[in-house]
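So the protein sequences, as listed, match chains A and B. Read in this note's numbering, the first sequence has 89 at position 89, and its numbers run on one by one without any break. Read in this note's numbering, the second sequence has 27 at position 27, and its numbers run on one by one without any break.
Source of the hints: derived by calculation from the structure; they are not laboratory data. Careful, some of the hints might be misleading.
Claimed, not checked - Over 12 Å on every C-beta distance to chain B, these chain A residues come out as not near it, computed from the model:
#1 Asp130
#2 Leu137
#3 Glu195
#4 Gln216
#5 Ala261
#6 Ala290
#7 Ala387
#8 Phe408
Claimed, not checked - In silico lysine to aspartate or glutamate, DMTMM-like type, Cα no more than 20 Å apart, as pairs:
#9 A:Lys415 with B:Asp69
#10 A:Lys415 with B:Glu67
#11 A:Lys59 with A:Glu402
Said to hold, decoys possible - Derived coverage of chain A by chain B (criterion: at least 3 residues anywhere in the stretch with Cβ under 8 Å from a Cβ of chain B; other residues may be distant):
#12 70–77
#13 84–94
#14 160–173
#15 267–273
#16 358–372
Positions of the beta carbon are idealized from the N, C-alpha and C atoms, including for glycine.
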Amino acid sequence: MGAQQLTGAQQRPDRVVVVGAGQAGYQVAASLREQGHQGGITLVGQEDGLPYERPPLSKAYLKGTADESRLWLRPEAFYTRERVTGTGTVVAVDRPARAVRLGDGRVLGYDHLVLATGSRPRTLDVPGADLRGVRTLRTLRDARALRTDLAGAAHVVVVGAGFIGLEFAAAANEMGRRVTVVETHRRPLGRVVSEPTAAYVTRLHEERGNELLLGQGVAGLRDDGCGRVAAVELADGRLLPADLVLVGVGAAPCTELAEAAGLSVAGGIVTDEQLLTGDPCVSAVGDCAAFPDPRSGARVRVESVQNAVDHARLVADRLTGAPRRYRDLPWFWSDQFSVTLQIAGLDRGHDRAMVLESAPDCFSVLLFRDNGLVAVESVGRPGEHMAARRLLGGGVPLSPWEADAPGFTLRAHLKARSGGPVPAAA
Amino acid sequence: MPQITYVAADSTERTLDVSAGLSVMRGAVMNDVDGIAAQCGGSAQCATCHVYVDPKAVAALEEMDEEEDDMLGYTACERRPNSRLSCRLQVTDALDGLVVHLPERQY
């Protein structure tokens, strides 16, 4: 899809309706006001309460160290002051009429519509998947339920060794629970990190007493006779006792509204490099958007705070008269036990991994493809992670040979290549 | 409750009661203070809660750790000797009266 020619009204719309009040939807509203948008902003979210941060839900919140008002992205006063209105459920988008219909029958007209519908957890397709005590984690409501369940659980089984599963496994362990993680791949975080980092994460969990059953599928979930989960049946027939099962097997984009409205959907709501859908009055941002990765050219969908915020900021800039192409570098973090894993860049398949280690709990893995740096994973080296973000984000080249030099650091390389002290943000 | 004063880049001031135990960042977010983005929510991942601490108060603060020091190399506005990440400043009774200046931008 090429850049679309926009008319004046499309460039500076008056009424903006945002569907979805997660991190991305909230940020569209906040950034629109920051950029001087004077018109109406309706932020329609399905969840009760104010927009909140999701990352703590699998960490501090579970351990009871963050109360709910501390999760709010902004207090109520913000929405009043900035005239950001609305709750409800959007049930349909009528593009010819430029209006959305809500579940209670209300119709809201828009000049620009932003779809920030997010994603929802995938569930298991096995017998017993709907038993009580089998949960997923995405919303505050999910986290509340898990916090309650955890209080009475002794044996916790986590299905899926992705970020959510492992963060939950770490938190449950720290609360004194016995935790087993079951993963079909032969290593944790198989789709997102390299072999060396996966090996470190495995060790991290095992050393603290979590059991990781890798390369192992789940055949079903067994009942206690009263509709509550009692055990997880593995593909090899073994039974794991469980009074709480967290299913963390990835998330699927919420694309139904877009699809029903006739917008293109392919592994997410398809957008161009300005995050516009095929309709110049409709943008898609955050987890639900499938957009062209500026570095590889591939269509990607990214679930992260960074992606949500940077998408939202770009759309707000465009809607207030400053269009640009999306160029922001993806970055991620995951807190497990006392360790923070940081990732800069999107690794869509590397052919070389180089480990720079300064101590067992302090290392970076540099991932190269065709002799060019594509991503960096770090543990305990925040300075190197930030340098990686600058290098990759700024397109500063780095070859494996340069990185192989004794005493090499990303920070020093960045400094040398940018010809001075570490620069301020672009 | 300790009072913290947030001074925006345009010199408008807000003085707020912030419970001990919260961070200076959280105090701003919970009280709807503009100018602190705190994209990562206090995980020291983003350097978008950068503040300039009133120079007189710098010595009274807990010293920064290496992580914060590293992150401060990547703020949107220039780092100065009194630069801190407000997510790393825990409010205590001893910090009552603290004044922090917000940079012009966080991105």
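We went through each hint and held it up to the structure:
no., hint, result
1, Asp130, "32 Å, holds"
2, Leu137, "17 Å, holds"
3, Glu195, "24 Å, holds"
4, Gln216, "31 Å, holds"
5, Ala261, "30 Å, holds"
6, Ala290, "23 Å, holds"
7, Ala387, "9 Å, violated"
8, Phe408, "17 Å, holds"
9, A:Lys415 with B:Asp69, "16 Å, holds"
10, A:Lys415 with B:Glu67, "18 Å, holds"
11, A:Lys59 with A:Glu402, "38 Å, violated"
12, 70–77, "holds (count 6)"
13, 84–94, "violated (count 0)"
14, 160–173, "violated (count 0)"
15, 267–273, "violated (count 0)"
16, 358–372, "violated (count 0)"
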